[in-house]
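Asker: All chains should be modelled from the sequences, with the hints used to inform the complete structure.
The lines below spell out each chain.
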Amino acid sequence: MLIKLLSGDTPRSGLLAVLLLVILISLAFAPFLFPGTRSLETAAKICIFIVLVASYDLLLGYAGIVSFAHTMFFGIGAYGTALALSTTGPTYGSMIWGTAAGAIVAAVFALAIGLFSLRVKAIFFAMVTLAIASAFAVLVSQLSWLTGGEDGLNYSIPREFKPAFKLVDEKIFDVRINGKLLLYYLVFFASLILFLTMLRIVNSPFGRTLKAVRDNAFRAEAIGYRVVWYRTTATVLSAVMAALAGSLLAIWLRYTGPATTLSMEIMIDILLMVVIGGMGTLYGAVIGATIFILAQTYLQNLMGVAAEATSAIPLVSTLVAPERWLLWLGVLFILSVYFFPSGIVGRLRAGRT
Amino acid sequence: MSDTTIKPRIERVPATEQLVQKLPVLLVPVLALAGLLAIGNPSTWLTLTVAGLAMGMMIFIMASGLTVVFGLMDVINFGHGAFVTVGAFVGFTVLAWLAGWTASPSVLLNLSALLVAILAAMLITGGLGYAFERVIVKPVYGEHLKQILVTMGGLIVAQQMIHVVWGPDEMHLSRPEALQGSIVLGDAAIEKYRLVAVAIGLALFLAMRHILKNTKIGLLVRAGVENGEMVEALGYRVRRLFLIVFMTGSALAGLGGVMWGLYQETITAHMGSEIMVLVFIVVIIGGLGSVEGCFIGALLVGLLANYTAFLAPKVALISTIALMVAVLMWRPQGLYPVVKAK
Numbered sequence: 039m040l041i042k043l044l045s046g047d048t049p050r051s052g053l054l055a056v057l058l059l060v061i062l063i064s065l066a067f068a069p070f071l072f073p074g075t076r077s078l079e080t081a082a083k084i085c086i087f088i089v090l091v092a093s094y095d096l097l098l099g100y101a102g103i104v105s106f107a108h109t110m111f112f113g114i115g116a117y118g119t120a121l122a123l124s125t126t127g128p129t130y131g132s133m134i135w136g137t138a139a140g141a142i143v144a145a146v147f148a149l150a151i152g153l154f155s156l157r158v159k160a161i162f163f164a165m166v167t168l169a170i171a172s173a174f175a176v177l178v179s180q181l182s183w184l185t186g187g188e189d190g191l192n193y194s195i196p197r198e199f200k201p202a203f204k205l206v207d208e209k210i211f212d213v214r215i216n217g218k219l220l221l222y223y224l225v226f227f228a229s230l231i232l233f234l235t236m237l238r239i240v241n242s243p244f245g246r247t248l249k250a251v252r253d254n255a256f257r258a259e260a261i262g263y264r265v266v267w268y269r270t271t272a273t274v275l276s277a278v279m280a281a282l283a284g285s286l287l288a289i290w291l292r293y294t295g296p297a298t299t300l301s302m303e304i305m306i307d308i309l310l311m312v313v314i315g316g317m318g319t320l321y322g323a324v325i326g327a328t329i330f331i332l333a334q335t336y337l338q339n340l341m342g343v344a345a346e347a348t349s350a351i352p353l354v355s356t357l358v359a360p361e362r363w364l365l366w367l368g369v370l371f372i373l374s375v376y377f378f379p380s381g382i383v384g385r386l387r388a389g390r391t
Numbered sequence: 007m008s009d010t011t012i013k014p015r016i017e018r019v020p021a022t023e024q025l026v027q028k029l030p031v032l033l034v035p036v037l038a039l040a041g042l043l044a045i046g047n048p049s050t051w052l053t054l055t056v057a058g059l060a061m062g063m064m065i066f067i068m069a070s071g072l073t074v075v076f077g078l079m080d081v082i083n084f085g086h087g088a089f090v091t092v093g094a095f096v097g098f099t100v101l102a103w104l105a106g107w108t109a110s111p112s113v114l115l116n117l118s119a120l121l122v123a124i125l126a127a128m129l130i131t132g133g134l135g136y137a138f139e140r141v142i143v144k145p146v147y148g149e150h151l152k153q154i155l156v157t158m159g160g161l162i163v164a165q166q167m168i169h170v171v172w173g174p175d176e177m178h179l180s181r182p183e184a185l186q187g188s189i190v191l192g193d194a195a196i197e198k199y200r201l202v203a204v205a206i207g208l209a210l211f212l213a214m215r216h217i218l219k220n221t222k223i224g225l226l227v228r229a230g231v232e233n234g235e236m237v238e239a240l241g242y243r244v245r246r247l248f249l250i251v252f253m254t255g256s257a258l259a260g261l262g263g264v265m266w267g268l269y270q271e272t273i274t275a276h277m278g279s280e281i282m283v284l285v286f287i288v289v290i291i292g293g294l295g296s297v298e299g300c301f302i303g304a305l306l307v308g309l310l311a312n313y314t315a316f317l318a319p320k321v322a323l324i325s326t327i328a329l330m331v332a333v334l335m336w337r338p339q340g341l342y343p344v345v346k347a348k
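As you go down the protein sequences, you meet chains A and B in turn.
Heads up: the first sequence is residues 39 to 391, going by this note's numbering.
Heads up: the second sequence is residues 7 to 348, going by this note's numbering.
Don't read these hints as lab results, they were simulated from the structure.
Don't take every hint at face value.
Unchecked claim - Dumping the calculated DMTMM-like pairs for lysine to aspartate or glutamate here, alpha-carbon to alpha-carbon at most 20 Å: (1) LYS320/B to GLU188/A; (2) LYS218/A to GLU198/A; (3) LYS144/B to GLU235/B; (4) LYS249/A to ASP47/A; (5) LYS198/B to GLU183/B; (6) LYS152/B to ASP253/A; (7) LYS152/B to ASP80/B; (8) LYS249/A to GLU149/B; (9) LYS144/B to ASP80/B; (10) LYS320/B to GLU280/B; (11) LYS144/B to GLU238/B; (12) LYS320/B to ASP189/A.
As the structure is a prediction and not an experimental result, all values here were calculated from the model.
Answerer: And the structure:
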């Protein structure tokens, strides 16, 4: 049963299994284990980013396609839900049709980009998607009558998901069972289902063909696989998954704007998470997203301490200042591309023997 | 024995086909003419055209290094934007030091301050290019995926280092005295700085063309682009050539950075990555690796951006994307694709 749920793709490493289990349990019981608003926000963000990063890994790790338009699909999903909720009111119906509309628009966009430009070299595709994504971001910030421009959209969600809603009056394990908690579990279970779906996809014959196309497109074409078709399908699937992750973010934050969904920084974050966790293995997305977001949230405090300690040395204290955490992550990123091309997960799996 | 010599047979390309190959050259005048028809007012059109050409030239300066590096080394440098930013910051710092020169009314002193700033920026970005090639790019020749990832990592580190060295705030600087203001030509006002940008860009294009077409280094670079192994076998060190080209490309990015920074008069640590979108569009339109294509692409993007900014401001950035899509529909590999023997 468990093996079937994981689609036969077990962690294949003791330490990795333990890590994944710790992450799963922490996320599943986050409201009870780590009380406080900030930690719940972090946990929800981790859930959403696991889906987003896994969907990017579907493209980068399994199909070998470098796209810089992933945040565009993330944004389309988020704006779809946001627009539905803000125009037709906070009902479940608008939540559902907004999410569906976002996913469909993302699929159509991905299909167009894929059919149009996947025949060319990897470098070419990377540049084309970068250009399209930045144009989309500009478009969203310009069309302020629809998208709220730079300010984004604020909207309401169904009453049952609001913090004021109480499911039961007493506290359980000292935690109030309110709408926020319900919403967290909606995000958690939706993320879990999406992740398992993607695990199913990459371990299907389709996923194996993708790997064949990635490793040697010429040979795959020669034995009769339509390479462009496989690549386009991978692009569409990953776009839909990213859009769904975007919808989850939109519902969780009750706010959607360019900075939270479309910015280049998020794209770079996703890239870092995939590579540090390990390309070509969805568990890498789990590890990468968790480590990265924890670092983003808590490493800065640690670096602040380091900066205090070294404040006497001029250059060093600027280098370890809390704002410079991305510098060290960048260095780590370059080193991991060279020395651990398969990321943390690949390293752990290789060390098993 | 017969004394007939064997002559090489050169197949003549039919005139019509030659014309079709050269067709992209016509795009710039056609676009300028279309702009004139759409705008109507000749003096407005002149101002916009000079502005567009200046913008195009500056983008060309930044894009030329990138496209030559790709053509020769098959390396795409996503960190190219960092060189642009560093160039701008170095140039601004030098110009700030030379405030006495830039503020004086003497044109000669103004221009020499600009020259010193440009030389300093090119020297530093060239050196940075050396380090970048040795440390970051060298281990990943021939692997596109890793190149994209690693140079992206280099971009992040470089951007953060700019924050460390120059601080997080944006810098403002006015242009040297002689380059401020504009010349009035009939009814059209043309900023002096734009004319300087056009002159520098044009000079650079002609110099690059001359070096690539008529000198031995250019011959080796072109041969290296076609078939690196063969050039290596003839006893030339292609790797060293690569390094020199990479450093030159980085130095050109630095030059472009100074010029773009002075154009905007404000620079931030992110300016490089912002302008890179336009640079990539230009490189794609031109056909990766081609200097001529890059030049035409840059002019097209510059003109179109300025015309649309005047006619329909909201579609300005989308218009360049539309241009890219249109060009790729016509020629999927760009205007002048570089055919590689590999």
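Asker: For a quick check of understanding: which of the numbered hints are violated here, in increasing order?
Answerer: Going through the list in order, the structure violates no hint and respects every one.
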